[in-house]
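Colleague: All chains should be built: construct the whole structure from the sequences, respecting the hints.
Those sequence lines, one after another, are chains A and B.
As numbered in our numbering, the first sequence has no gaps in its residue numbers, which increase by one up to the final residue, 189.
As numbered in our numbering, the second sequence has no gaps in its residue numbers, which increase by one up to the final residue, 189.
None of these hints come from the bench; they were simulated from the model.
Possibly wrong hints are sitting among the right ones.
[Unchecked claim] Calculated lysine-lysine pairs in the DSS-like style (CA-CA distance at most 30 Å, straight line):
#1 A:K130 to A:K101
#2 A:K114 to A:K101
#3 B:K168 to A:K168
#4 A:K114 to A:K99
#5 B:K130 to B:K94
#6 A:K130 to B:K130
[Stated by the list, open to error] Residues from chain B that face chain A, not an exhaustive set, calculated with beta carbons under 10 Å:
#7 R26
#8 A49
#9 G51
#10 G137
#11 R139
#12 D141
#13 V146
#14 G155
#15 G157
Just so we're clear, the structure is a prediction, and the values are computed from it rather than from any experiment.
C-beta atoms are modelled at their ideal positions from N, C-alpha and C, and glycine is treated no differently.
Protein chains: 2
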Amino acid sequence: MATILLPLAQGFEEVEAVSLIDVLRRAGIDVRVAHMDGEDDDPDLVLGANGITIQADTSITNVIEEDFDMILLPGGWDGTYILAENETVQRLLKEFQAKDKMIGSICAAAFALKTAGVLGNNYTCYPGAKDEVNHPGYREDQAVVVNGNIMTSRGPGTALCFGLEIVKHFSGVETYQAVKDGMLLEFCD
Amino acid sequence: MATILLPLAQGFEEVEAVSLIDVLRRAGIDVRVAHMDGEDDDPDLVLGANGITIQADTSITNVIEEDFDMILLPGGWDGTYILAENETVQRLLKEFQAKDKMIGSICAAAFALKTAGVLGNNYTCYPGAKDEVNHPGYREDQAVVVNGNIMTSRGPGTALCFGLEIVKHFSGVETYQAVKDGMLLEFCD
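Modeller: Structure follows, in structure tokens:
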């Protein structure tokens, strides 16, 4: 069973994070959601961009790369900037890349891959984030772009299909089809 | 500005609840998420069907019908059975119906509308929930069915488009289009 790390920082986009976690867990993938610590009394309660608070499973400081097959970043600008500045997240991205492990981002979070130096030259992101990401190889013709070990997607409306593509990678086409049918995701290619 | 009550019971489907809250709040609609109380130390932290815990804004016991324009139920079987058995939720559904206010459900939650006697004879729900809902007028040809003041939808894959239809009802077509474009929801009719 694959294990995926999903770092969650204040200001994350809720549909993106929850769609990914939900789809992946339905496929039997072990998703662990890691908060950024900080000075709050309840650092495990992470507030999203649209006022929805989600409880994380662990602290990013407890995470080691060896325990995971993929690191996957949800979007939302405020959360993305935190992920781009968090030393642990940035170090983990480089460690996953050095071991050729899977790395994923959706929406603005491509920016945090770029700051870690792991965003290749064939990727996608939120159209309105393209200028801020400011990196060669942006594509707008696919909901999900797979470039070696880097998987990227565009925004809230592509999050469920992005989750399905990750399911296909780790769990195969039969599980992909079962989750797709069960969630009524006919619109995903 | 419209105000919508979203009751959240343990076992709710996370993509459905979060998609609805996110889309509606992006349109400027005031969504208040109400937990069911109970005996937990933190009744505001509500655990979903796929292990995602979301923090509710208030208790259902604090809610009065006068404060809201719509009551909207997310799916997930475990959560649905609780909503169907909760006296406050069932009373609120009848009060909204008596005042011809908007009522919505997605996925299995049509069952909780049926138990309150407010599910009309032109609705949809999760295909696999049809037999348990066991009510005449089920349709499978539309992602969202609008039947007077009752709006129903099918499952996780239709939740974003369902939210958009509610936005169109309360906020008009310009806001609908702006949220649709901003979330990359080209697949919604």
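Colleague: Now look at each hint and say whether the structure bears it out.
Modeller: Taking the hints in turn, this is what the structure says about them:
| no. | hint | in the structure |
| --- | --- | --- |
| 1 | A:K130 to A:K101 | holds (25 Å) |
| 2 | A:K114 to A:K101 | holds (16 Å) |
| 3 | B:K168 to A:K168 | violated (35 Å) |
| 4 | A:K114 to A:K99 | holds (18 Å) |
| 5 | B:K130 to B:K94 | holds (22 Å) |
| 6 | A:K130 to B:K130 | violated (44 Å) |
| 7 | R26 | holds (6 Å) |
| 8 | A49 | holds (8 Å) |
| 9 | G51 | holds (6 Å) |
| 10 | G137 | violated (20 Å) |
| 11 | R139 | violated (14 Å) |
| 12 | D141 | violated (13 Å) |
| 13 | V146 | violated (18 Å) |
| 14 | G155 | holds (4 Å) |
| 15 | G157 | holds (4 Å) |
This entry does not satisfy hints 3, 6, 10, 11, 12, 13, going by the numbered hints stated previously.
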